[in-house]
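There are 2 protein chains.
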Amino acid sequence: MAKFYGIGTGPGDSELLTVKGKKTLEMIDCLYTPEPKKKGKSLALSIVSPYLPETLEIKQRHFPMVNDLSEKENAWNDIANEILEEVKAGKNVGFITLGDPMVYSTYSYLLERLSDHIETETIPGISSFCSMSNALQIPLVMDEETYSVVPATASENVINTALETFSTVIIMKVSIELPKIKKLLEEKGLLASSVLISNASMEDEKIIMGLEDLDETERISYFSTIIVYKTRKI
Amino acid sequence: MAKFYGIGTGPGDSELLTVKGKKTLEMIDCLYTPEPKKKGKSLALSIVSPYLPETLEIKQRHFPMVNDLSEKENAWNDIANEILEEVKAGKNVGFITLGDPMVYSTYSYLLERLSDHIETETIPGISSFCSMSNALQIPLVMDEETYSVVPATASENVINTALETFSTVIIMKVSIELPKIKKLLEEKGLLASSVLISNASMEDEKIIMGLEDLDETERISYFSTIIVYKTRKI
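For the protein sequence lines, the chains are A and B, in the order given. Heads up, the first sequence is in the UniProt record's numbering, so the first residue is 1 and it goes up one at a time. Heads up, the second sequence is in the UniProt record's numbering, so the first residue is 1 and it goes up one at a time.
Calculated from the structure, these hints are not laboratory results. As the structure is a prediction and not an experimental result, all values here were calculated from the model.
When chains are identical, the list treats them as one kind, so a pair holds in a single copy or across two.
Straight-line Cα separation of at most 20 Å, DMTMM-like style, residue types lysine to aspartate or glutamate; simulated pairs:
| hint | residue 1 | residue 2 |
| --- | --- | --- |
| 1 | Lys233 | Glu121 |
| 2 | Lys233 | Glu112 |
| 3 | Lys180 | Asp143 |
| 4 | Lys3 | Glu86 |
| 5 | Lys173 | Glu145 |
| 6 | Lys180 | Glu156 |
Given only the sequences and the hints, what does the whole structure look like? Please build it.
Put into structure tokens, the structure is as follows:
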């Protein structure tokens, strides 16, 4: 029976796709992918491009990144309806999403519109912070340790609780929130224990070990994450 | 130059290995793997077995699971020395570890004994809880949400803070700690929001949605994880 497949592409390096993700891309009839903000190829599409059969039909669709919820919902509804029709017509349809589909992905909004109506399957991917800690070769957690993942847009209260309670704290989507995050890390004396990584596993990956000298007004990549290693030497 | 490669196998399904992990297994000269506790094949080895060249030399080594730190350290030293000699002699050596190498893996102890002496590379893997949320198709985090990962052996205080502060809480290595965890979830009224998964992505995977009726004295698999979804209907 035809199905809808959500596929996590991993963080950037094409080889960090799973074997299952690769096999799925080779068998589907049609692939949906988020349209890039600027002209050019979508990042998710670049990652999987080595595995796509030449004949695969690719449909880029625009997901508005705006504050207006109804504008976003309209787009999700339209794209979900389009996918629904294709799967009902017997096509196996894929959708690619950066990192892991269950971690901060717009894919969730498509899935909740589809899963009651057609068969769906979701294939995990490597999260950017996971790839980062492997590239650094500094363990996220050992033995009795704990870690937490917070978006930089979370409240100061939540970020402070995370920094106080957990061995390792991952702060995602840093971007324009860098001044706030730098202030919170400074207050806790954690700047020297923090690593900033932009564009993890990509060709233009950038790693800053220790954030004491980082200019917080610097414009950093949209794909920037901080790992705070409270219990390691970095 | 010869290298030491740590490879995350993912949670259990062979197809959840990364393409990079697969390619590395195909090119190394020798593979080290933890010896199973009982006789039979190691789980990590079963996961990667579809990709291993017939001629690949496989060395199972015993990692003692005991409280005596010096016994464990002796074993890590011996295995690290053996690997060191092989890499120095020009062999590319691999080591496989369940899930992701940077998340609760004994691999960390080998790596810290090797990384100053030889070239090392670590290849990420899908963590069991990540595979679980994808199998359930229930997002771990959306938008401003947060999640945390704690071992069931952590203090009640840490687990309670996690349950109070984060949208989603992943409790790993539940096993014999089930009575304690069930009590903490009950106190917070979170039993109905919790999912227990044993042997994620394996053939004998077992999923219990909502833990109100779970007998906490039941013997559960060593590979059991609870996801507490505070903000989702499960």
